[in-house]
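Sequences listed follow chains F, E and W, in order. Sequence positions in the first sequence follow this note's numbering and run 11 to 305. Sequence positions in the second sequence follow this note's numbering and run 114 to 459. Sequence positions in the third sequence follow this note's numbering and run 1310 to 1570.
For the record, the hints were derived by calculation from the structure and aren't laboratory data. Careful, some of the hints might be misleading.
[As the list claims (entries may be wrong)] Chain E side only, calculated, beta carbon under 10 Å to chain F, not exhaustive:
(1) 145
(2) 164
(3) 185
(4) 186
(5) 197
(6) 200
(7) 212
(8) 213
(9) 215
(10) 216
(11) 217
(12) 260
(13) 261
(14) 266
(15) 270
(16) 377
Glycine is no exception: its CB is placed at the ideal position from the N, C-alpha and C atoms.
Below, each chain spelled out in residue letters.
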Amino acid sequence: MTFVHAVTSSPVMRRAVLLAPAMLVIGVFFIGGLAQALAQSLGQQPLLGDSRWSFDAYRSAATDPAVRSSIGLTLRIGILSTLLATVLGVGCALVVRRLGSGRVWMTRLFQGTLAVPHLVGALCISLLLSPTGQVSRVAHAIGLVDGSQQFPALVQDGFGWGIIAEYVWKETPFMAVIALAAMTADLNRLEDVSRTLGAARWQRLRHVTLPMLDAPVGAAAILVLAFTMGSYEVPVLLGRPFPAPLSVVTYQSFSDTDLTSRPQAMAVAVLLATLTTIIAGLYLMLVQLSRRRRT
Amino acid sequence: MRPALQVSGLTKRFGQTHAVDALDLTFAPGSFTSLLGPSGCGKSTTLQMIAGLIPPDLGTVTVDGSDMTHVSPERRPISLVFQKPLLFPHLTVEQNIGFGLRMQHVPRAVIADSVAEMLEQVRLTGLGGRRPHELSGGQEQRVALARALVLRPAVLLLDEPFSQLDATLRIEMRRLVRELHDSTGVSTVFVTHDQDEAVDIADEIVLMLDGRVEAQGSPERLFEAPPTLATARFLGVANELFGHAHAGGFRLAGTDLATDSGAVRGEAVLTIRPEAVELPARSATRHALIVESVRFAGTFLAATGRTVDGQLMTLHLPVGAPLVVGEAIEVGLPADRCSVFARGTA
Amino acid sequence: MRRFVAITIAAIVIAPLVGLILWSGARSWPYPDLLPAEGTTRGLDLVTSSGSWEALVTSVVIATSVAILSSIIGLPAGRVIGLHRFRGRRLVQLCLIAPVIVPGIAVTLGLQVFFIRWGLSESILGVVLVQLVLTVPYAATILGAAFEGFDVDLERQARVLGAGAWRATTLVTVPVLAPALAASALLTFLISWSEYILTLLIGGGQVQTLPLMLFAAIGSSDSTAAAALGLLVVAPPVLLVVLISRLLRGRAGLLIGMVRS
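One chain only, chain F, in its complex shape (with noise of 0.2 Å):
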């Protein structure tokens, strides 16, 4: 009783008590998923015997032309994507936002979409992008191809334009969706106010609907790249073994039957998580910077 009443009326045990189990996730699973990945990716063995602290994974995959050419590809995959993915959501948002009874529809058909896996996602672009797919057949149809031959690769390609257009599809629903959710009555206030102190249409997307949309927006962006610099089934299914992107290249190491290729595996993993964070940061500090010339 006097412990239970101690941990209840000290709010630092109290919110101890409330945080333990969403930290204890994260703790063991997260931050120790990552620990284990860096010390295996530095000679720590933990279930065979023979464990010394070395760079040799490092330097074996810097050399690695797998490795090489992966960083590129995932830094263009990702960037690309998201960049396609917001200027086409907020577009769509902008036209969705005035439609009336059609707002409700489409904001319907955007969410209808997230909830698609992008699983199933990457198996409609290969059926509707590869050589024998809808596309392909439709430009025979109107004879802009003779054959699936001419029809140029978009999967399976070196580009990864199979890739892009797999998260494009999928991702620029969830970016109108979030723009859409920030298109609020409050949003239209204010562009009336803008209006009555001389705002053209232009003006008034340029210097209060886009700046109003900037925070919401450029969170979810962060979110895109993310995902999209560290999915591995769409890669996978929709690109080449080789190059392939890092999230690829690190689950082929690690399913190499010889077991010493695991250290690379692991340093690859690394690689890609200190990727991720560091687009992460970099375009968090951008949006901040971008923020204060403003003002």
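Chains E and W: place on chain F using the hints.
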């Protein structure tokens, strides 16, 4: 002189109801008019139609002689201050005030000067670098005022701008608005549902009821000689006494009062403000009452009394007036403060 | 014009799913035909086979467990984030945003050996536990936002009226926060339902969820089978979102909008 603002036949329907019904109003240059009315009477809709934010179904809006009915709001020389300050949260106070000038591509240096001058006028010098969320409610509304006035509009519209502020601040803001009006000479239309506010701030009051103009005139005239019973009621006259109007005056509970009944004859209503009732009676028009209740109301005594025929009258009398519940008194009803209306005109 | 653009957007959003539906019922669909030549019920048979049924049950069990556990763990954490202002609050928030930013695969690879050692690999329990890393941050964040709008005086009022701490929570707090709890459960269910790589790494291929089955079907280049399974994977979450977003109105949109898989 050409009116600063004129609306003719302005009409807006929402569904079946006429929010604004064939409204005709004229505002002289430099005037300060209060658009007074209960919520839902169409005054805000009128203001938004003048600003161009709501298209009218019928009618025209003319500013300084030019027809603005089909001009978009951003090109009307009209500024509107809303009930909420509606400051742009992503901009500083200075940037908010300079917003309209920036939209007109005015050079930065000129904007800075105008903004500094406006800040001084609304007494916010030194707060230009703040963000809206760092301001108090009153400060926010000052910025909104400055933001509207810096454009030197031909007409300034204010839509219940102080209704979300507390009582003392509201009075202070009224003074400021009046001061700004007097120094700039901008024709001002001030929408409010608060009769005290309308009286305090405006030179002219337009009373709107159900989308129409019920009465129009100076505050004194509307209060002391309301043209209609509805006007009298909205302005808080409180005493409505039934009786008989005739050429010589008004017959109340068997007593003739020498009031001006105008053209009203027969069944009629006499109105008088509680504070106009005299005790002891000085005027010639007098009436007997039985005191029914006396209540101390701070700066005055609020009493009720019944006439011989059982009608209730409310009196506001100076503290210390000789009142005893149940005793008969004779009160004075000054003829010039009584109004007589035909029954059923409400 | 605006309507036309909107209809075009809707068509582009729906188009990829049309191919999925057509393929699921196609016996043969030779290039360059625009529509399948022959229909088949093979896809339907596959979807109703015992293998699919078992995978469906596994997926439902895992996703439901994850949804319930995340909300139970997220509720007290959300309370602290939403209602308390203290030193270290930003650190707690950082801990909650980090698992959303850092890819799950990078976190799970190093854990795998420990799941094997602890006997949690190749088990549903292990899969549920590892998925909590992805879902608890969302649950805590959503419920934290809900607690920020929650008036604690309601609880105090309940206490004054004679409810104990437990009854004040179950009879006042939880019902008031019901919409947020529903949104949190829905979102975490969806994340778990869509999850592939963590399930593969910890389940070791023995915990056969629908996404794993679908992945194998896509790899086998049998488009009919893949499309049919794809429909089975996509239908429950889409129906759930459309139904629940109706119940929760616009507010849920933003929360559901956070679905990542």
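In rising order, the numbers of the hints this structure does not comply with: 1 and 16
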